[in-house]
Each structure stands twice: as C-alpha cells, then as structure tokens.
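Undergrad: Residue strings, one per chain:
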Amino acid sequence: MSYKVTIADTGEEFHCRELQHLLAGMQQLGKKGIPVGCRSGGCGVCKVRITSGEYQVKKMSRDHVSEQEEENGIALACRVSPRSDIQLQVLGHLKKIVTPKK
Amino acid sequence: MAFTGIMRPGHVQLRVLDIDEALTHYCDNMGLIETDRDDQGRVYLKCWDEIDKFSVVLEPSDRAGMDHMAFKVATEQDLSRFESRVKDFGVETSRVPAGELNGCGERISFIAPGGHRFDLYAQKEQIGNSIPTTNPSPWPEGIKGMKAIRFDHCLLYGNDHDETVRFFTEALDLDLAEQVVDGDVQIAAFLSCGYKAHDIAFIRHEEPGKLHHASFLLGSWEQVLRAADIISMKDIPLDVGPTRHGLTRGMTIYYYDPSGNRNEVFAEDSYRYPDSPVLTWEADNVGQAIFYHSRVLVDSFMGVVS
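Just so you know, the sequences run in chain order A and B.
Residue numbers for the first sequence follow the numbering used here, beginning at 1 and rising by one.
Residue numbers for the second sequence follow the numbering used here, beginning at 1 and rising by one.
By construction, these hints were calculated from the structure, which means they are not laboratory data.
Keep in mind the model is a prediction, meaning the values are calculated, not measured.
To spell it out: a stretch of chain B is covered by chain A in this simulated footprint if at least three of its residues, at any positions, have a beta carbon under 8 Å from a beta carbon of chain A; those stretches are:
1) 60-73
2) 259-271
3) 296-306
Quick list of in silico lysine to any residue cross-link-like pairs, SDA-like style, CA-CA up to 20 Å:
4) 59(A) <-> 19(B)
5) 58(A) <-> 87(A)
6) 59(A) <-> 21(B)
For each residue, glycine too, the CB sits at the ideal point set by N, CA and C.
All chains should be built: construct the whole structure from the sequences, respecting the hints.
TA: Here is the structure:
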C-alpha cells in the first residue's frame, strides 16, 4: 500500500509505501524538502510536524523529540511509516559547521 | 619502551536505541565480536585483532551519541600522574571503580572543555586476538561482514575548541598531527598519542559534546570497497564514500548505525613520528582536505552529529 505525502512548506508531493519511512519515499525519485541526516532516528535533522494523516513511528532519540512532542504529532521523518495520506511541515534543519568569517 | 603515557584509544561507549538492531550492525555487518554483557544491559564488543576484552560498549538508551571515550595509559603510575595533570589544568576529575565496566580497571573520568566525557585506565582484562601468540596465523577464520581490525579513533564536534586542543596537548601529551585553519583560526585538529595519523580529532562547533563518528580500521582499499558492497546489501544508511581523504590520506567510507551514530571504516592512512611536522590544510582547500577526489563538501557530513 502506498500513500501520498505532502510537504506543506514547498507543496512537494511524493508517494511512500507502508513499509518505508518518509525519507526513503522522498528520496527514491529524487524529491527534496525534508533534510536528510542519519536515517536512523538519532540526529534530528528530519524533524517534522505531521498535521494530518495516520502513521506508525519507530523509536526516536529523546534529544530531538520529547514524549510531549511525539504526542503532538512531531516526529523524525526517518522513523515514520504512513498508514494514510500525510501532510507535514518541516521543523528540522542541517546544522552548519562553524566556519569563522575572514 | 617507546610508548609511555597515553598509549591508545581503549574503548568508546555508544548509546543505542535498540540493542538487537545495534548488535546486528556491529557484529554481523561490521565483524565485531561480542565478549560480555552486564546487568545494566550493556553489551561489550571487540574487533578481531584487539587483545583487550572490549573496545566498544553498546549502552541501551533513549538517545543516540557517545557516553564516553577512554584511553589506555601504559602504567598505574601514568594514571595517577595524568589525574594530577588534568586537575592542574583546571578540569575536575572523578574515579570510576574497577569493575564498573566488566574487566576494566579503575578509571579517571573527566569532562573535557568541549563537553565530551573521557576516561583513562591502565588495566583491562586481555582475552587475546583469536590467533595464537606462538607461530601466529595472519588472521582468524570466521570473522563476519566488514572484518573490522580495530577501533581506531573518534571525531568529535564540540564548543571551546581551542581550549579542548590545548587540554589534549598540554595535559594529556597528545601531538597535533594535522589541522585545518581559516587564517589564524583552527577549524579542525587531528591529534595523535603515538605513531598513528590521529587517535582523536576535534571540529570547532557551536554545541558541546557531539559525536561525528567512531572509526574502525580495515586492511585495504579493496576491503573498503567490500564494506561499501555490504552497506548496500544490508540497507545500511550511507553517508559518504568510498573515497579518499586529503587529511590523513585514508581511504574511507561513512555510514550510520541503527541509532544514527555515524561510523567510518578506513584503510591505508598515513603515520607520524614525534618529530614529524604538523600538516596544515587551508580553509580555501577544505573540500579537497576532506574529500580528495570530488573536492565537494557534503552537507550531511558537515552538519549531522549525534
């Protein structure tokens, strides 16, 4: 079973299978919009707010998603598998290494 | 004996979200060997060519990252000596009793200026490297996956970079082997306690206490390519590689464990002696310093830490 995922920030849409996580669905056809990091629930860069839809979520680092956030639809996209069409907003971002200005 | 003081990286304790997934990754896919478990649920691993009982401790946790990295010092006298020198530098120390980690002697523990915990110890149970010490064979049979030879180093992101480097060179006697500089500002420091290109490295960063990667040695570039095959075969999240670093010259590939801790396996890097000059890469050339072939920085490699 495959569902439509919509990134509200950009309007980007992609399809994601039930057995995939959202980032895998996004990447398989070269789509972009959610930052991609460790893809294992540890680094936090793919943090999203799911505004509508049903999903299952695997264990995520509590450094990046608190229990309260998890209850309120916040998750790491690499740990989320869809069970219906999904709409989400991107919260995470890639940190930049500190490179001092000259 | 040429080795005195801090001898080598002894172990790294990594936090993992799921111990069974972590064991599949580190043992079946990378070739580490389980040597013990304890009542806290921690699992002890070693690479085949390591003599001491463990070099990696997997700690079940609700978050990823590094709990601590430990260095083995040559003698008990060194342990007391470095305890004094760390305190004299202005860093608080505590003692962790022998046996807190199975088979490990008493440890001196402290938080370095960049926010990472480090331990020093002089004793660890030795169980051998699976080949005899008389008429040794070149390698043991039955090692799985990537066949990692040893835990080699960690690269860490932390704040207070200059003080961290001063601490490691002045209080712990490591040498600056290689660096990246932007004018007179050091961005990266590769530090060595012996003949290796690096035993630990630090990157200037805004957050304290982050792990960029824990690294393991392989035997050859061919073995790095074989690791790349395993990464795809086993659906392991790849970060970068296989490629060559300018820094340290190592042939390398980066990927993530099932909790998001980055690993490296590498081969054929450079070496140094105490009289070797410091090697310097300029910030204008940092793409080539990090990825020698493509010369292009990769956002995830620069910005993802656990």
